[in-house]
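Asks: So you can see what is in the structure, the chains are spelled out below.
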Amino acid sequence: MGAQLRLLRRRISSVKSTAKITRAQELIASSRIVKAQQRMQAAVPYEQEITRAVSGVVSNTSSVDHPLTVEKEQPHSAGVLIVTSDSGFCGGFNANVLREAEALRGLLEERGIRAVPFVVGRKGVTWHTFRNREMGGRWEGFSRKPSYADAKTIADTLIESFKEENGIDEIHIVSTEFVSMLTQNVVVKRVLPLEVVESEAESDDVIPPYFEFEPNAAEVLDSLLPRYVESRIFSALLQSAASEEASRRRAMKSATDNANELIRVFTMQMNQARQAEITQEISEIVGGANALADAAAGKE
Amino acid sequence: MAKLRVGVVSPEREIWSGEADMVIAKTVDGEIGIMPGHAPVLGVLVEGGVLRVKRGGESDLVAAVHGGFISVANNDVSILAEAAELGSEVDVAAARDALQRAQSSIEAGQEDADIRLAAKRARARLRAAGEEV
Numbered sequence: 001m002g003a004q005l006r007l008l009r010r011r012i013s014s015v016k017s018t019a020k021i022t023r024a025q026e027l028i029a030s031s032r033i034v035k036a037q038q039r040m041q042a043a044v045p046y047e048q049e050i051t052r053a054v055s056g057v058v059s060n061t062s063s064v065d066h067p068l069t070v071e072k073e074q075p076h077s078a079g080v081l082i083v084t085s086d087s088g089f090c091g092g093f094n095a096n097v098l099r100e101a102e103a104l105r106g107l108l109e110e111r112g113i114r115a116v117p118f119v120v121g122r123k124g125v126t127w128h129t130f131r132n133r134e135m136g137g138r139w140e141g142f143s144r145k146p147s148y149a150d151a152k153t154i155a156d157t158l159i160e161s162f163k164e165e166n167g168i169d170e171i172h173i174v175s176t177e178f179v180s181m182l183t184q185n186v187v188v189k190r191v192l193p194l195e196v197v198e199s200e201a202e203s204d205d206v207i208p209p210y211f212e213f214e215p216n217a218a219e220v221l222d223s224l225l226p227r228y229v230e231s232r233i234f235s236a237l238l239q240s241a242a243s244e245e246a247s248r249r250r251a252m253k254s255a256t257d258n259a260n261e262l263i264r265v266f267t268m269q270m271n272q273a274r275q276a277e278i279t280q281e282i283s284e285i286v287g288g289a290n291a292l293a294d295a296a297a298g299k300e
Numbered sequence: 001m002a003k004l005r006v007g008v009v010s011p012e013r014e015i016w017s018g019e020a021d022m023v024i025a026k027t028v029d030g031e032i033g034i035m036p037g038h039a040p041v042l043g044v045l046v047e048g049g050v051l052r053v054k055r056g057g058e059s060d061l062v063a064a065v066h067g068g069f070i071s072v073a074n075n076d077v078s079i080l081a082e083a084a085e086l087g088s089e090v091d092v093a094a095a096r097d098a099l100q101r102a103q104s105s106i107e108a109g110q111e112d113a114d115i116r117l118a119a120k121r122a123r124a125r126l127r128a129a130g131e132e133v
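Read top to bottom, the protein sequences are chains S and B.
So that you can map any letter, position 28 of the first sequence is 28 in our numbering, and since no number is skipped, the others follow by simple counting.
So that you can map any letter, position 28 of the second sequence is 28 in our numbering, and since no number is skipped, the others follow by simple counting.
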């Protein structure tokens with residue numbers, strides 16, 4: 001009996017310290033979501049403006065035949081940018097992204113296209129190295145706080161490979177979209193060849209059909225398109241960072257709740273065991289006393 | 001007179017937005033001045049340029065703008081800068097330092113595109129802060 005009591009006490013104290021850690025992680029993640037959301041919102045004006053500019057150019061020039069907009073007739077390989085996190089403790093966040101990436105890979109292979117993964121985040125990189133998958137590129141260390149320079153390095157690698165003769169013919173992004181604190185969805189987007197999608201909120205904003213270009217349309221497009229790709233990647237990174245913190249907060253909250261529930265159950269069991277022990281001791285003492293009294297009575 | 005609605009944005013944040021009478025920026029073709037009623041334009045900005053926004057009554061808003069675009073449509077002017085800094089936010093000492101370092105390495109003979117770019121940027125930041133370069 002005493003051994004069981006000690007065991008339960010030890011388990012309770014270990015669960016308590018786990019709960020303390022997960023609770024702290026939960027609080028840290030909550031404060032980080034706010035910051036990540038602010039960064040996400042700060043990037044919105046630029047993204048909107050650049051999307052408007054790109055659609056302005058594309059709708060202006062009747063024949064856009066920039067290397068970045070031309071769709072190949074026989075695409076044979078596609079780059080897939082997979083955005084995961086650097087650290088764990090975030091529930092199914094990375095698993096969801098990787099599952100979606102695998103599905104996309106299957107779809108591409110059905111079309112006879114080889115998928116080349118470009119991976120962001122330590123978790124995704126380990127996932128790929130463990131399976132001996134060859135990666136077109138890998139980046140680690142900034143999943144929580146991506147800067148524009150990070151997006152630029154990624155975009156440069158992707159665009160370079162896209163422009164190469166035997167490089168990739170399409171670029172897709174698999175990342176997590178931050179809808180709200182409670183909802184994050186994994187989304188797959190094609191970035192190149194370009195499909196300019198303007199957000200619906202701006203659809204009444206008609207762009208006049210007589211844009212002038214400085215110095216000329218081709219050159220503007222030349223420098224505009226890479227910026228557009230960068231901005232898309234940057235926004236994917238920011239959304240993924242915010243989603244990572246949100247799903248970490250959720251995972252840590254349920255871990256804390258679980259730990260508290262366990263502590264409750266164990267405390268009850270411990271109290272029962274203690275009570276049983278006391279009862280037994282009392283009955284042993286009473287039994288012993290009775291036996292002594294009986295023995296004394298028999299002597300007389 | 002109609003006013004221009006101006007927004008200066010960089011990828012990481014919105015730097016400034018407000019109304020103005022005139023915007024002067026430097027594109028790869030040369031300086032461009034935008035006043036209300038200007039025809040729609042999309043221009044590529046130079047690396048290390050200085051943007052000037054004239055506001056009636058108030059002092060001009062000056063910013064160092066590194067690369068990016070200017071787009072004008074319906075009296076909306078947006079400056080999409082890869083990196084930008086308001087003149088009032090420039091750390092003059094740091095910019096001077098950067099310029100000096102770039103210049104000394106140019107004098108030492110190691111002149112490449114990166115160093116020239118650094119010098120250009122530092123000069124633009126100093127000019128935006130109202131310093132003599």
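These aren't lab readings, by the way, just hints derived from the structure by calculation.
Hints may contain errors.
[Unchecked claim] If we take Cβ atoms under 7 Å as the criterion, some of the chain B residues that face chain S in the derived model are:
(1) E12
(2) R13
(3) V28
(4) E31
(5) P36
(6) H38
(7) A39
(8) V41
(9) L42
(10) N75
(11) S78
(12) L80
Yeah, the Cβ is synthetic: ideal placement off N, Cα and C, and Gly gets one too.
Asks: Each hint should be assessed against the structure and marked as holding or not.
Replies: Cross-check of the supplied hints:
Taken as an interface hint, E12 of chain B checks out: its beta carbon lies about 6 Å from the nearest beta carbon of chain S, inside 7 Å. Taking 7 Å as the C-beta contact cut-off toward chain S, the hint placing R13 of chain B at the interface holds, the least distance being around 4 Å. At about 6 Å, the closest approach between the beta carbon of V28 of chain B and any beta carbon in chain S falls short of 7 Å, and the interface hint on this residue holds. The closest approach between the C-beta of E31 of chain B and any C-beta of chain S is roughly 11 Å, which is over the 7 Å cut-off, so the hint fails.
For P36 of chain B, the suggested interface contact is broken, since its CB lies about 15 Å from the closest CB of chain S, more than 7 Å. Because the beta carbon of H38 of chain B sits about 9 Å from the nearest beta carbon in chain S, more than 7 Å, this interface hint is broken. Interface hint at A39 of chain B: satisfied, since its Cβ lies 6 Å from the closest Cβ of chain S, which is below the 7 Å cut-off. A least Cβ separation of about 5 Å between V41 of chain B and chain S falls short of the 7 Å threshold, and the interface hint therefore holds.
This hint holds: L42 of chain B has a C-beta 5 Å from the nearest C-beta of chain S, less than the 7 Å allowed. Taking 7 Å as the C-beta cut-off, the interface hint given for N75 of chain B is violated, the closest approach to chain S being about 12 Å. Look at S78 of chain B: its Cβ gets to within about 5 Å of chain S, closer than 7 Å, so that hint holds up. For L80 of chain B, the interface hint holds, the least distance from its beta-carbon to any beta-carbon of chain S being 5 Å, beneath 7 Å.
Hint violations for this structure: numbers 4, 5, 6 and 10, all remaining hints satisfied.
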